[in-house]
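**Q** Chain by chain, the residues run as shown.
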Amino acid sequence: MKKFAVWLGQGILYAALATVIVVFSHWPAYQNLAADRALIKISISHQGQLLGDCVELTPQELAKLPPNMRAPKSCPRERSPLTIEVDVDGQLAHRQVAKPSGLSGDGAAVVYRRLEVPAGKHHIEVRMKDNARSEGFDYTRSEEVDLAPAEILVVDFDAATRRIILL
Amino acid sequence: MNAQAIRNSWKRFEDTLDVIFPGGSNPLRNLGAIACLMFAILLLSGIYLYAVFDTSVAGAWQSVDALSRQQPWLGGWLRSMHRYAADGFMIATVLHLVREWIMGHHSRFRRVTWLTGIPLLAFLYVSGIGGFWLNWDRLGQYAAVASAELLDALPLLATSLSRNFLSAESVSDRLFSLLVFVHLGVPLLLLFGLWFHLQRITRPRILPPRSVSIGVLASLGIIALAVPVLSTAPAELGLVATALPLDWILLHLLVLADMLSARSTWMLIALVLALLVAAPLFSARATAAVAVVDADNCNGCRRCVEDCPYSAITLEPHPHGKPGQQIAVVAAERCASCGICAGACPSATPFRSVVELVNGIDMPQLSVDMLRRTLLDALASARVPQIIAFGCAHGLDVEALGEADVTGYNLLCTGMLPPSFVEYALRAGAVGVIISGCAEGACEFRLGNTWTAQRLRGEREPHLRRIVSSRDYRVVFAGDRDRGSLDQAIKELRGNAATGINP
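As you go down the protein sequences, you meet chains P and L in turn.
Here the first sequence stands for residues 0 to 166, numbered as in numbering that gives the first Met the number 0.
Here the second sequence stands for residues 0 to 502, numbered as in numbering that gives the first Met the number 0.
Since the hints were made in silico from the structure, they are not lab data.
Each hint should be verified, as a subset may be incorrect.
Simulated crosslink set (DSSO-like; lysine-lysine; CA at most 30 Å straight-line) [unchecked claim]: (1) P:Lys-98 x P:Lys-72; (2) P:Lys-2 x L:Lys-321; (3) P:Lys-1 x L:Lys-321; (4) P:Lys-72 x L:Lys-10; (5) L:Lys-490 x P:Lys-1; (6) L:Lys-490 x L:Lys-10.
The structure displayed is predicted, hence computed values, not measured ones.
Throw the hints in and build the complete structure from the sequences for me.
**A** Laid out in structure tokens, this is it:
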């Protein structure tokens with residue numbers, strides 16, 4: 000009888016372990032976006048314009064340099080930060096100034112942001128600036144979009160065509 | 000509630016479960032071994048899954064889904080076992096960590112074992128989350144995108160990982176090969192880390208007792224058949240994966256990042272890891288005296304080396320011996336001060352006719368000589384015939400039994416008792432001897448109970464001579480709360496009219 004009770008107890012506890020695994024490996028369902036919402040994903044990885052131009056070094060300046068480093072021109076590596084603004088239905092939804100990556104600030108600036116919006120029609124306007132020496136925004140794009148529930152609209156920049164793209 | 004109260008509550012819970020899981024088969028006392036069993040299931044089932052897995056974007060979902068639909072009795076079952084074993088691995092590992100923390104098993108001689116276990120937790124998370132990517136269904140899509148977003152919050156990568164999952168075109172077969180590499184490589188790192196984790200443990204229990212293994216395997220096998228794991232719809236990067244049948248056991252960190260933010264989640268992870276790493280520093284436990292070797296009485300027989308549970312003893316050339324003779328050397332930082340080495344030493348027999356019994360290896364705080372002297376004094380001064388109870392500092396307090404005919408000695412560990420002391424006590428006039436200790440499978444120093452039982456049965460050196468009748472002694476591995484078992488042993492020994500050995 001005692002042995003039967005032990006077996007029964009073990010069976011119940013192993014069943015409890017199995018139940019915990021089965022239940023929490025599937026349930027409760029996770030709703031990471033409400034059913035009537037859509038997502039605008041701003042994802043841009045872009046190298047801004049150079050902050051300065053190459054300058055020719057004078058003979059005196061060259062003379063101060065070690066012989067193996069006497070290049071006639073000095074070119075700054077640092078890139079402009081990336082400024083981006085996104086309006087949704089006329090309201091500023093996101094503004095960010097992203098610094099270029101890398102120790103010397105010569106890499107790509109990265110912008111990644113998720114914006115949840117109600118599904119349906121929206122007016123999207125994207126402005127981007129990648130040159131610190133220019134006035135205003137260098138690129139703009141304005142578009143009407145109709146987003147289905149759970150649909151993702153990606154805002155990106157195509158460096159080859161130098162255009163803001165909406166995917 | 001202080002640490003001791005929590006420890007006592009946990010012990011009570013374990014003791015309660017001992018009733019249902021007797022003979023050392025309590026799963027809570029075998030959590031590390033259960034985690035290893037889960038890992039073994041993962042590795043074995045993973046071999047088959049890898050063999051049939053198509054490492055391309057177009058073929059990944061198809062190949063995994065086909066397992067469940069076209070071969071449910073083999074591939075589908077193995078896939079489900081793989082997933083449920085991963086869940087079980089996480090549960091067993093976290094419980095193992097929590098238990099060792101509560102029991103205070105993170106400082107002194109266990110510090111290295113504790114610290115080497117922390118990276119394993121990180122590898123487990125990476126392996127677990129990475130497994131979902133490969134299914135490339137909606138759940139896999141969520142896991143991939145959410146973990147990429149989480150990683151992007153670290154200032155380590157120049158480019159954004161999340162950009163790999165912007166659209167169907169951005170996910171390449173090459174990326175998938177990388178994901179497969181991560182899911183194979185990190186578990187191998189885990190295996191390697193496990194080797195480090197067990198370095199300072201002699202004879203680690205890699206697999207749980209047979210009854211526990213059967214229980215765990217049967218549980219997983221049945222749920223893998225009854226509730227098979229199925230893929231959700233194929234990944235579609237143009238849509239957010241919603242209403243997911245989430246595996247909360249493995250993917251909770253990703254949900255946490257959704258709820259807080261990636262940066263906050265990393266801060267929380269860093270805080271938890273820092274607490275785990277710092278735990279040994281905040282331990283208030285006093286450092287006990289470690290084993291001491293006496294060169295004149297140590298002949299390098301190796302028994303203490305074999306019996307030490309924490310690999311704290313090595314052999315080196317003997318300073319006074321003949322060429323080739325060795326001597327035991329104790330690494331103080333690894334010594335648990337359990338005294339199991341003293342119990343293993345052949346020179347620890349109390350029958351030696353020396354005034355002061357100096358052992359080859361002994362504990363300064365409770366030497367074999369002290370034990371022999373106090374034992375003889377107690378038997379000589381007793382008004383009634385005595386039962387001698389050798390207990391353990393982590394088991395029942397045999398010095399406070401309150402029985403007029405029982406003299407108790409709380410040893411550092413039951414394993415420090417040289418078995419010849421049983422015969423010695425009987426010859427010196429004891430009517431019986433009780434050896435008590437931690438509950439079965441719960442020895443504070445891992446091997447004390449095992450070695451004691453084997454020595455008494457004559458299966459391990461030094462052994463108890465066969466001349467000693469088993470009627471005259473009782474072994475009670477009942478933990479520190481089961482007074483009833485001890486009382487029963489006392490009652491039985493009182494009933495013994497003759498010992499069979501003349502004092």
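**Q** Check the hint pairing L:Lys-490 with L:Lys-10 against an upper bound of 30 Å on the C-alpha distance.
**A** holds (27 Å)
**Q** P:Lys-1 and L:Lys-321: Cα distance at most 30 Å?
**A** violated (59 Å)
**Q** Does P:Lys-72 pair with L:Lys-10 here, judged by a C-alpha cut-off of 30 Å?
**A** violated (75 Å)
**Q** Assess, step by step, whether the Cα of P:Lys-2 is no farther than 30 Å from the Cα of L:Lys-321, and give holds or violated.
**A** violated (58 Å)
**Q** Would you mind confirming whether the straight-line C-alpha gap from L:Lys-490 to P:Lys-1 stays at or under 30 Å?
**A** Distance of about 23 Å is within 30 Å: holds.
**Q** Going straight from one Cα to the other, do P:Lys-98 and P:Lys-72 come out at no more than 30 Å?
**A** Roughly 26 Å separates the two Cα atoms, so the pair holds.
In the structure shown, a violation is registered for the earlier hints numbered 2, 3, 4, in ascending order.
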